[in-house]
Amino acid sequence: MKALIALFLAFAAAPALAQTALPPAPWADRQIPDARQERAAKALMETIRCLTCQSQSIADSNASMAADMRSQIRERIMAGERPEAIRAWLVARYGDWVSYAPSADPILWPLWAAPLVLLALGLVLMRGRIRRSRS
Amino acid sequence: MRRILIWLPLLLFVAFIGLFASGLFQPDDRIIHSRLVGQPLPAFDLPAAASDRPGLSSEAMTSGQPRLLNIFASWCVPCMVEAPQLMALKQAGVAIDAIAIRDARSDVDAFLARNGNPYQRIGLDARSAVQIALGSSGVPETFVIDGRGRIAYQHIGEIRADDVPTILARLEDAR
Numbered sequence: 001m002k003a004l005i006a007l008f009l010a011f012a013a014a015p016a017l018a019q020t021a022l023p024p025a026p027w028a029d030r031q032i033p034d035a036r037q038e039r040a041a042k043a044l045m046e047t048i049r050c051l052t053c054q055s056q057s058i059a060d061s062n063a064s065m066a067a068d069m070r071s072q073i074r075e076r077i078m079a080g081e082r083p084e085a086i087r088a089w090l091v092a093r094y095g096d097w098v099s100y101a102p103s104a105d106p107i108l109w110p111l112w113a114a115p116l117v118l119l120a121l122g123l124v125l126m127r128g129r130i131r132r133s134r135s
Numbered sequence: 001m002r003r004i005l006i007w008l009p010l011l012l013f014v015a016f017i018g019l020f021a022s023g024l025f026q027p028d029d030r031i032i033h034s035r036l037v038g039q040p041l042p043a044f045d046l047p048a049a050a051s052d053r054p055g056l057s058s059e060a061m062t063s064g065q066p067r068l069l070n071i072f073a074s075w076c077v078p079c080m081v082e083a084p085q086l087m088a089l090k091q092a093g094v095a096i097d098a099i100a101i102r103d104a105r106s107d108v109d110a111f112l113a114r115n116g117n118p119y120q121r122i123g124l125d126a127r128s129a130v131q132i133a134l135g136s137s138g139v140p141e142t143f144v145i146d147g148r149g150r151i152a153y154q155h156i157g158e159i160r161a162d163d164v165p166t167i168l169a170r171l172e173d174a175r
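Protein chains in written order, with this note's numbering: chain A, 1 to 135; chain B, 1 to 175.
No wet-lab data here; the hints were simulated from the structure. Please note that a few of the clues may not be correct.
To be verified - A few chain B residues facing chain A, derived, Cβ under 8 Å:
id, residue
1, R2
2, L36
3, S58
4, G135
All C-beta atoms, glycine included, are put in the ideal place defined by N, C-alpha and C.
Same shape as in the complex, but just chain B (with noise of 0.2 Å):
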């Protein structure tokens, strides 16, 4: 008994080494995913944010079919480099509504004449409030929203080609 229990200290130590490597090698992870994805989208109704499209409510969003609601701002860098990918989904038949975070009308408008407006209507979070009863973190951000009002799924980041197939199917599920 003592003979094995004099190694026990070591090998503590050698798990405990292997343990940091093995964090030390992993990525990364500081993606927060909300927490509200299967639940009911809570309510909200914000103003129009830009001059050509109606705002947004979330008894709106509940249309019966699947919709996505995209999380952006004027001001954010990967909301532009996302914007092709929107208006290939807006093309694909996907409806879209937006809520702009922390905007302003004139910057939205400016936003959707250079990068295409896929959107049908987009709400005005001047206070993020919206955004942290989402549980979302950052922009650009999309979620699924089935015909009932739920949240179906989280994208977080930039939608990317490669991510279009994915939400498709996920709206498909959604139906």
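Here chain A stands alone, though its shape is the one from the complex (with noise of 0.2 Å):
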């Protein structure tokens, strides 16, 4: 029984085993003073993905590298960075899967041009239709 009980903890403490147990970083989860500031890093903390947890922004993350990340734009924002360039610092370390924010990358004009078309289309059509009615 003593055994079984020692092999169901050994399975509970896995997962607290998965993550560090340092503390996290100074302004992971600790607002920037200057609220103009805490503002563009929490838009861009919105849009930057975690990697460990892949379908969360590192805002709504848990996980240690996403406190790191967090903490890391803070400090960054309050260095005077512009958060563009975080971003463009992190896609170019991780590609354009990072960021939430869509871009105007030539392979997506196509989708960025899709209304513009279907509307385009659908003049077309809704003339055909008016000068059949007429006639």
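Each chain sits in its own coordinate frame; assemble them with the hints.
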């Protein structure tokens, strides 16, 4: 029985082991005193994807790496770096994947153009209908 | 013309179903590779993470010979799994340096005492800053660094026995 309990505890403890025992980085969960800077940092953090839990932003994630990224972003914003420069720095390391903000990359042009193309198609169809109903 | 056009919506529908079905059966690839492969190692200078090994700087990794840079942590279970393979690489004469992520010296010492110490130098990255600068997305990861300090290859996840030949080949390529 004791062995069984020990076994159970060993498994129960495993998730705790998966994360570090160190306390979170200083600015991971602490706001920047300057409200404008904090707003800029928060807006950036909400559009940077967490690498550990891949469907969350780093603002939402409890992963230790996300906390370290939040702290680093706040520190860099306090040092005067622009949010888009930090985003570009991260994209240079992890690819477009890391950013939730849509970009105007040439590969995405068809996607941006799709609404206009569909609207034009609709207008052409509509014109045909109106002409036919008149004649 | 009309005859053909009338089938268009159905064709589109079938094409979409095909697309979704292929997406369902394709294995999900969630591995994020660093974009820095082929580029110089970012500059860093980290304090020692273990009692009996010096810290690690990016300059020390530019030694003229290819080296391995292992990203690990004492709290990471797969890092224990890959320890025998790292020891085997060390036996094969490979120079291995490491960065310990979010770690404490006593924990690193205990980890190395238990699993062996294949490292020449171990830097402590207490806030994952160098890990993020490297474009590394977790532990363990292993980078092949060529003699000029450029990242030649990135291995994500633990090194299994059958990964060792690939890593040795990449080290040879980086020579």
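- Going by Cβ atoms only, is B/S58 closer than 8 Å to chain A? Violated, about 15 Å.
- Task: Identify whether the interface hint at B/G135 stands, where standing means a beta carbon of chain A within less than 8 Å of its own.
- Result: holds (3 Å)
- Query: Under the criterion of a CB-CB separation shorter than 8 Å, is B/R2 in contact with chain A as hinted?
  - Reply: violated (12 Å)
- Task: Closer than 8 Å between Cβ atoms is the bar; does B/L36 clear it against chain A? Give me holds or violated.
- Result: holds (6 Å)
Going down the numbered hints, you'll see the structure goes against 1, 3, while the others check out.
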